[in-house]
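If you're matching them up, the sequences are chains A and B in order. Residues 1 to 182 in my numbering are what the first sequence lists, from first letter to last. Residues 1 to 174 in my numbering are what the second sequence lists, from first letter to last.
Just so you know, these hints were derived from the structure itself, not from any lab. Every clue listed holds true.
In silico DSSO-like links for lysine-lysine, alpha-carbon gap of 30 Å or less:
| id | chain 1 | residue 1 | chain 2 | residue 2 |
| --- | --- | --- | --- | --- |
| 1 | B | 121 | B | 164 |
| 2 | B | 121 | A | 81 |
| 3 | A | 107 | B | 92 |
| 4 | B | 79 | B | 164 |
Computed from a predicted model, the values in this text were never measured in an experiment.
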Amino acid sequence: MYASRTTQFIVGLFALAGLAALAYLCFRLGQISIFAPSGYVLYANFDNIAGLKVGDNVEIAGVQVGKVDAISLKDDRARVKMSIHSGVQVDEDAIAAIRTLGIIGDKYVSISLGPSEKMLANGATIRQTESAFVLEDAIGQLINNMGTTGSKKQSEEKGTDGLQSPPAIGDPGASKPVPSVR
Amino acid sequence: MAAVKDTVDQVLAIVGNPQYKSAPSAERDRLRAVVAPRFDFAEMSRSAMGYDWRNLSPAQRQQFVTVFTRLLEASYMGKIEGYNGQKIEYVKQTRNGDYAEVYTNIIPSGGDAISIDYRLKNENGTWRVYDVLIDNISLVGNYRAQFHRIMTDKGYNELITLIKNKEQSLDAGS
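Construct the entire structure; sequences and hints are all you get.
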């Protein structure tokens with residue numbers, strides 16, 4: 001005998017609920033949002049993004065605050081579109097830099113907040129950017145400079161006081177920062 | 001950009017002038033006089049302090065600008081004075097309203113070109129440098145990261161002390 005209409009109806013409901021739960025789980029695990037996340041868009045233009053791709057993280061102080069939404073070419077620079085979580089404020093004097101996880105890992109955009117009290121609005125562009133560290137360039141420089149005796153007056157040593165001078169002209173091999181290790 | 005080239009030319013003229021060979025402090029005074037109008041050290045200091053600038057009192061801000069400017073001088077004057085006739089080429093410039101960037105290369109003898117980019121801001125018709133990128137590393141950004149670490153770990157007073165110490169050790173080494 002067939003089940004009563006009511007039973008069929010309830011079974012149907014359970015099936016739908018099960019499918020909905022499955023779909024929700026898929027979306028959550030796949031980190032795809034069905035409902036548009038509340039957030040806003042910021043842009044940044046770089047001379048070289050060297051491997052940054054859509055979906056890479058945007059971080060402030062090591063905390064993920066957004067993702068790279070789109071990458072396009074604007075004149076001869078890379079234009080990166082980022083979606084930033086609402087509630088995260090980025091000021092006009094912030095610096096956006098491309099960093100690498102480890103030495104050859106994934107790229108991400110690291111935003112360093114500045115002194116300004118004026119915050120960037122939806123769709124604004126982060127004015128100051130630092131391009132990606134290209135390992136091959138640094139190695140090339142190191143190899144080229146190894147044979148030269150530079151005409152530097154001061155040797156820049158890493159102070160034990162924790163204050164390191166930024167790389168300066170005439171310092172062979174010291175011209176790239178150590179990529180941030182996580 | 002004419003503004004940058006102008007200042008660079010003046011600096012090179014001073015550094016290459018034989019009459020200053022035996023008068024280093026006079027040379028340094030002349031360099032300072034030429035560089036100061038073109039470089040906005042107050043803005044560079046503010047930007048190097050970054051987010052923590054908002055929490056500084058006016059007196060602290062003033063002190064920090066003075067101390068940081070001295071650090072920059074101690075760090076870079078020696079390098080400028082050590083200029084040895086390397087070729088400087090002006091690659092291009094970009095402009096976005098009141099902000100501009102000038103891309104240059106300095107080519108040391110027997111080495112790879114080092115890129116030096118100047119970021120300028122137009123204030124009331126005068127273009128002044130607010131950041132320098134050496135090999136694509138922002139000077140202001142680099143200091144910002146270091147200073148923030150020290151500000152959070154050790155506080156403002158300790159930061160000032162460390163900067164002064166570094167300045168002294170740089171001066172001693174020249």
